[in-house]
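Protein chains in written order, with this note's numbering: chain A, 1 to 301; chain F, 302 to 836; chain Z, 837 to 1150.
It is worth saying that the hints were derived from the structure and are not from the lab. Each residue gets a CB set at the ideal place from its N, CA and C atoms; glycine is no exception.
List of simulated lysine-lysine pairs, DSBU-like, C-alpha gap at most 35 Å:
#1 F:K450 to F:K397
#2 Z:K895 to F:K450
#3 F:K634 to A:K73
#4 F:K397 to Z:K888
#5 F:K511 to Z:K881
In silico contact screen, one side only, chain Z against chain F (beta carbon under 8 Å); selected entries:
#6 K881
#7 V883
#8 E890
#9 F918
#10 T919
#11 L921
#12 A992
#13 V993
#14 T1096
#15 V1097
#16 R1113
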Amino acid sequence: MTEISLVDPALVPEVAAGLEPRGYWQGVGERLLRDRVTLAVAAVLAVIILLAVFAPWVATHDPLQGSVLRRLKPVGTPGYFLGTDETGRDIWSRLVYGARLSLICGITPVLFATMIGGALGLIAGISGRFVNMAVMRVVDVFYAFPSVLLAIAICGVIGAGIGNTILSLSVVFTPPIVRITESLTTQVKNRDFVEAARASAAPLLSIIRHQIVPNVLGGMLVYATSLVSISIILSAGLSFLGLGVTPPNPEWGLMLNALRQAIFVNPIVAALPGVAIVITSLCFNLLSDGLRSAMDIKLPA
Amino acid sequence: MIWNIQRAAMVATAALILAMPPVAAKAGGTLRIAMTASDVPTTTGAPDNGFEGLRFLGYPVYEGLLLWDLTRADKPAELRPGLAESWEQDKNDKTKWIFHLRHGVKFHDGSDFNADAVIWNLDRYFKPDAPQVDPTGGAFARARDPWIKSYRKIDDFTVEIGNPRPISYFPNALVYLFFSSPAQFQKAGSWVEFAKQPSGTGPFKITEFKPRVSVTLARNEQYWDKNRIPKLDKVVLFPMPEATTRLAALRSGQVDWIEVPPPDAVPSLKAAGFEIVTNSYPHTWPWVLNFGKPDSPWKDIRVRRALNYCTNREGLVTLLNGLAEPAYGIYHKTDPYFGHPKEQYTYDPDKAKALLKEAGYGPDKPVAAKVMISNSGSGQMLPLPMNEYLQQNLKECNFDISFDVVDWGTMLVATRNPPTAPQAHGVDAMNISLAHATEFSRFTTAFLTSTFAPNGFNWQHWSNPEFEALVSKIENSSDPEEIAADIRRAHEVIVDDAAWLFIVHDRNPRAMTKHVKGFTSAQSWFQDLTRVWME
Amino acid sequence: MAQFITLRLLHTILILFGVSVVTFGLIHLIPGNPLDILLPPEAPKEVVERLKVEFGFDKPLYLQYFAWLGRVVRGNLGTSVFTGLPVTGELFSALGNTLCLAVPAALVGFSLGTTFGTLAAFNYGRALDKLFSIITILGLSMPHYWLAIVLVIVLAVLWPILPAVGMGSGGGLPTSWEDARFLILPVVTLSMIPMGVIGRMVRSTVLEILSQEFPTALQAKGLRRRRIVWHVLKNAAPPAMAVMGLQLGYLLGGSILVETVFNWPGSGQFMNLAIFRRDIPVLQGTVLVLASFFVLINLAVDVAQALIDPRIRR
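With the rest of the complex left out, here is chain A (with noise of 0.2 Å):
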């Protein structure tokens, strides 16, 4: 009879060899090390890190001065090994700069929306039928609204640039995390083992910490993940129609919207910025499966 695979016992040595199980957070740390595609995400994205960090020390050239003479070089050209851009530009530096914009416009909008999206999402779904009609259907006037309306409203207050584009992405990415946790939150509230514990009169806050929190945080992780590429792109999109970083700042999602018409003279020096997104959202993806993997794991009481 064809078995379903569940997880792989091999992956959970405590109980391949018999042993009693450790503290959950031991063991999530435990089975990531084991792990190695997970590990070697890990170290890709800690390398683009670091080379956002230690942009001044990396970077060949300065990643604002350019020459109409040396414009859009191949990849290869002495001095600049990853070509030049339209104004002349080198690439490799612009790059390195250009992470800690990305990085930034990717994540910290994230975080903003997980955090409060999380939260309101759980007090949604936990709360009684007045305060989650309430705080949903708030929720439901924002998820309602045009991003890019919000976004040159916010330009028109505060101007154009990064804040902008943190401003805007947090709001719009509140909404979908609220109605995510809150759903996966009232799934989980239902289930036995929460009304086992209420039973047995244990407090909330503690419910929600041992019960809730761990089921909901696997599936809120994951898709908080798939947004942080999500958040490059659109940031990519806003400075496509003017509204994010502006010139000459290096950022990936300006850099490739800038280098489109290049298409046509050097396509490879034109794809070199959606390459570093490419590979930024997919170490951020692998991880938070990895991540979720090794939370997710039941041991056998």
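Given chain A's structure and the hints, the job is docking chains F and Z onto it.
Same frame as chain A, but now just chains F and Z:
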């Protein structure tokens, strides 16, 4: 056998004759054009979307009392008689102009063009209680032709128009005012309905209008100028604001002609067998300097001149792959109105630095200035890379330039308010490129005290008494030689005073397939589609 | 259930009211009035102000809002400042064009996403899991509008097998193979993000369920594999549906980026044009209609969730 050969020869000859196109046929075809506009310009005779709207839904379909001569490529396009065959200034009252209308002109719906039609249209623009009033069209008319104070019919083919003061160049402004068919409006009932079945006097008529998608023009067989009846059967216009999309549409064969191809794609377009058509035209791309701001660095003329001497225009032209040319003034250097200004703004960073040193600036005290740039907009070329280039270029002479990037709407709002108003965001200059030198009436809208924003188009609040005196003299004169000399002198004043940073002139680039024949790029914002045909 | 739905419909009206007020406020925060943009730059302020009176833009904001509200209640969404055409007609035409893309993209994205996610979860830890995971992740890692530009260059310019721009003569409806060709590239582009998001959510949710006791219990009871999968999917459905509802909402709003690249006259382009031109009547009307769609979709998802999983008591 001989009979067979003879027969074959006859058949072959007959076949050849039948296969040849008829001698007097109009070579026709359908021309598909992708415009940079983001929507189809209005079809009622007062097109929006700026000069591109006038180019495609203005002159091909509607006409004014004056028209452009778009047949020559070797000199800037001039004005010629249009729906008015001739005109003159009233000798006794220089504020009045008499126009003699052309006979035998019919609107597309078959009704006649005459003085009643002219008055009816002027009422549409300027009479608030007229039943056919068109407030939006009227606003356009007032913006482009602010000198119509009164008008009356003298007889069926003569009209008189009055100005608030004598203005010698007044007729020029009539080239922007179009006439729509009163009879068609009566049938339609409202301008919204008229827009669906429009009727003008031009060489093409609008036969199909799909909002946001396309508009189709067809040949007007009854056009009054028999030499300019279009060769094309149809022209289809598509709004396509994204440059790479236009490019893809051209390369994949979905359109035959695109406006403004991306400069980087030019070599590959040429290699793929497409034609790039460019020509000079009165389009200057400048930084308009703020004179109204109390702490403006441009108050010192040495700083302004240094700015002009420090600009490496040739480098920018290289960046644009030759789709622009250096600008040393508002008119082109080869334009008859350019004159002989003292300042010749070649690339001379040493001179620039010397001037700045005199003015008290240097490496330890750079000139700090913030420039407002837009990320798009009709006629703005490629503002982002071009300005980034300038920023670096000007750094060599110790100009410390920063940018305030806004969208086109925000920039337009700023221009309508004084340079010190909050809408201006405290910038020291604005990179806005409009058609100042199309003809002299446009020129005056931007440089007089009377047109200081918000009253007109002098956003920068530049003023110069010699210039004012010259304009006044030109307005009151009636001697064409004197007027031309004064216009040259007026231009010299602007150039020597460095009222702007003169950067480049656009070269009106278009890309088209080899099947588009007969197109001459006139030195104008507008083009003549009547001599074009598709092979 | 009926009571629940009625109550939610009443809420919908409240929400729409809230959305319209916020929109109205936001559009007026942005500098510029549609007439500033409509009229040529050389129009002096006096001419602009005079035209503003014609359109009623000189009245105080709250009066303008209530005038608009009054018209809406009577079914009139107003007319565009730029074209003079009624908002309702233009909006529904644009929405129709977007639907031609949104429906196929949703179908493709949702089905591929669910399939990939489920297959990945059931093959957890093995190569197939990694493969499907990477496919779904790529779906949401790649800037889709940029991919669109590349696809157009490869498939329409270099090897011209597909059209580069536009809807074709069929107006977007795939009434013939000729017309359907215009849909292929935009739909592929638009389905990438939904495929990625849903693929990942489904994988996560199914894994979550598989790690519970009941699938093993069902297996022990001797249920056939296919029935077990069905039970698992039923449990995975609610959060997956929540995400699908959100994605469908975004698709209906039209992707301005994709519609720009393909010159597709859909609701994204329509709204974006209105925002940039400050075409207030169009914007108010469009946001109202789109918001109603979003809210109604969410309501449908909530109802479906409750029907599928009776433990979700609402």
